[in-house]
Amino acid sequence: MSDPTDVSRAEFCAIACAEVFRGDGEVMASAFGTAPALGARLAKLTFAPDLVLTDGDAALMVGAPALGTAPSELILESHMPYRKVFDVVWSGRRNLIMMASQIDRTGNQNISAIGDWAKPKVQLIGVRGAPGNTINHPTSYWVPNHSTRSFVEQVDVVSGVGYARAASAGAPATRFHEIRHVVSNLGVFDFDTPDHTMRLRSVHPGVSVDEVMEATGFSLVIPDDVPDTRLPTPEELGLLRDVLDPRCLRDREVKA
Amino acid sequence: MPDKRLSLDDLVGEFDSGMTIGIGGWGSRRKPMAAVRAILRSDLTDLTVVSYGGPDVGLLCAAGKVKKVVFAFVTLDSIPTDPHFRAARQAGAVETMEIDEGMFYLGLLAASQRVPFLPTRAGLGSDVLAHNPSIRTITSPYEDGEELVAMPALSLDAAIVHVNRADAGGSGQILGPDPFFDELFLGAAQRRYVTTERLVPTEQFASEGPLQTMSISRLLTDGVIETPGGAHFTACVPDYSRDEAFQKAYASAAGDADTWAAFRRRYLELDEAGYQEARLEPVAAQGGASR
Chain F
1 MSDPTDVSRA EFCAIACAEV FRGDGEVMAS AFGTAPALGA RLAKLTFAPD LVLTDGDAAL
61 MVGAPALGTA PSELILESHM PYRKVFDVVW SGRRNLIMMA SQIDRTGNQN ISAIGDWAKP
121 KVQLIGVRGA PGNTINHPTS YWVPNHSTRS FVEQVDVVSG VGYARAASAG APATRFHEIR
181 HVVSNLGVFD FDTPDHTMRL RSVHPGVSVD EVMEATGFSL VIPDDVPDTR LPTPEELGLL
241 RDVLDPRCLR DREVKA
Chain L
1001 MPDKRLSLDD LVGEFDSGMT IGIGGWGSRR KPMAAVRAIL RSDLTDLTVV SYGGPDVGLL
1061 CAAGKVKKVV FAFVTLDSIP TDPHFRAARQ AGAVETMEID EGMFYLGLLA ASQRVPFLPT
1121 RAGLGSDVLA HNPSIRTITS PYEDGEELVA MPALSLDAAI VHVNRADAGG SGQILGPDPF
1181 FDELFLGAAQ RRYVTTERLV PTEQFASEGP LQTMSISRLL TDGVIETPGG AHFTACVPDY
1241 SRDEAFQKAY ASAAGDADTW AAFRRRYLEL DEAGYQEARL EPVAAQGGAS R
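So the protein lines, in turn, are chains F and L.
Take the first sequence: its letter number 159 is residue 159 in this note's numbering, and every next letter is one higher.
Just so we're on the same page, this note's numbering is the position in the second sequence counted from 1, plus 1000.
Rather than coming from a laboratory, the hints here were simulated on the basis of the structure.
Below, simulated DMTMM-like cross-link-like pairs (lysine to aspartate or glutamate); rule was C-alpha separation at most 25 Å, straight line: (1) F:K84 x L:E1208; (2) F:K119 x L:E1095; (3) L:K1067 x F:D116; (4) F:K121 x L:D1256; (5) F:K121 x L:D1077; (6) F:K119 x L:D1256; (7) F:K119 x L:D1077; (8) L:K1068 x F:D116; (9) F:K119 x L:D1046; (10) F:K121 x L:D1258.
Label pairs and their computed distance ranges (CB to CB): (11) L:P1228 x F:D3: 51 to 61 Å; (12) F:G25 x L:D1144: 23 to 33 Å; (13) L:Y1240 x F:T69: 15 to 25 Å; (14) L:A1093 x F:A70: 37 to 47 Å; (15) F:D3 x L:D1258: 48 to 58 Å.
Where a beta carbon is used, it is the ideal one built from N, C-alpha and C, also for glycine.
Using the sequences provided together with the hints, build the complete structure.
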């Protein structure tokens, strides 16, 4: 067993992201952000060896190279330009961790705009592929800055579709819809509740349940007994530190 | 084989104010920037711009050329958002049709195939449908009876894409890893233009790259313009990568009216040859409004 006091917050986040891919077979793992990128690679090197990773450009790549590996050093196995990415998305053979500027109680995500959509207070990147992703294959979210500004009662623009919105759009929308986990710098969340509202699944060691509740802009479902996010095994910790992220990019995203 | 060679001035002469113009590339990658700069210098206005958006959208918005943007995102890739587009949106200066990336693809495909719509699950339950009441759903006529989004054809008056190599007949060769949706932009448009890093004799294509890189057929093009450096400052691999320093200067100039005016004077109020000369000077040497 690793010593929990020796494991950094960023490493717990990476482990929590890896867990998103547990049980996956031969699906395309797409991961935005440092902790998700580490998580997908770690899962592939351990408990989900058949995962297929993208090179971040227009190809699928062999193995699980370290973050920041030069493109010329990657071994590619298949062409995956954007037009083909949609074939994968719509076939469902994909598991994705996206980021969220806002996420709400029923799992809606916003990356479009803050404020009134017609004349936003802050224009963000746009809905991107979030509407189609969430309705076609499992989607999880990574929020490195958990606060009442990112965890909100109702997102300003529904980009990624949550459970209540999918249900109201009917069977064609719920058929392949699954919001698996939300991983933040404070803990892990899921929607494993009778009405699919967000539940605290685990807290990262060193974070209290009260701290999570205070940083969340809506009332979370809190189980009687909230476990800690699991420890990495010594093998996992070695892979994270020595193989996948020797330059410690993870510490730039989540401070120790 | 017809000779479809044009100049940038000819190209702009083909456009009218109020047109719907599709722009190829993706984010800050392989954008037909020389053509965009030519539009900036013209008196065209009230354009509807259809784009997997990058600095093409930001520049056209900053110049007041745009009535409406059809987009799924506007990004500079290494800088998450384009500050010029952001400013236009936050000022309520442009109309928008914001749709999912895949819906965008299907809209171009529908227009290319001359069908009114294509069905998809993408969009269901999201605010894309709430914000675009003109987008309808359709019930499958088969036993499943599923109600899906009927993504309408995104028909374009004109489209411009930028490729690595082309010949005088308007065949285009894309040497980078991703052809994006350029073929579909051309397929969806009435008037279709290709700008290229280098015009080459057709027989040279084979020595530049394999058959699958010859992806734009002349069935899809009406005009071809040689514009070396014509995607600058966006990436046009393998010819050149993104000019990050220049892009940073473009983005940071958005914050301040004087700095932006200086940027415009230095780079945009010149013809294309002047731009290509000016952009070779070190960005760091630029002094705000002093020039």
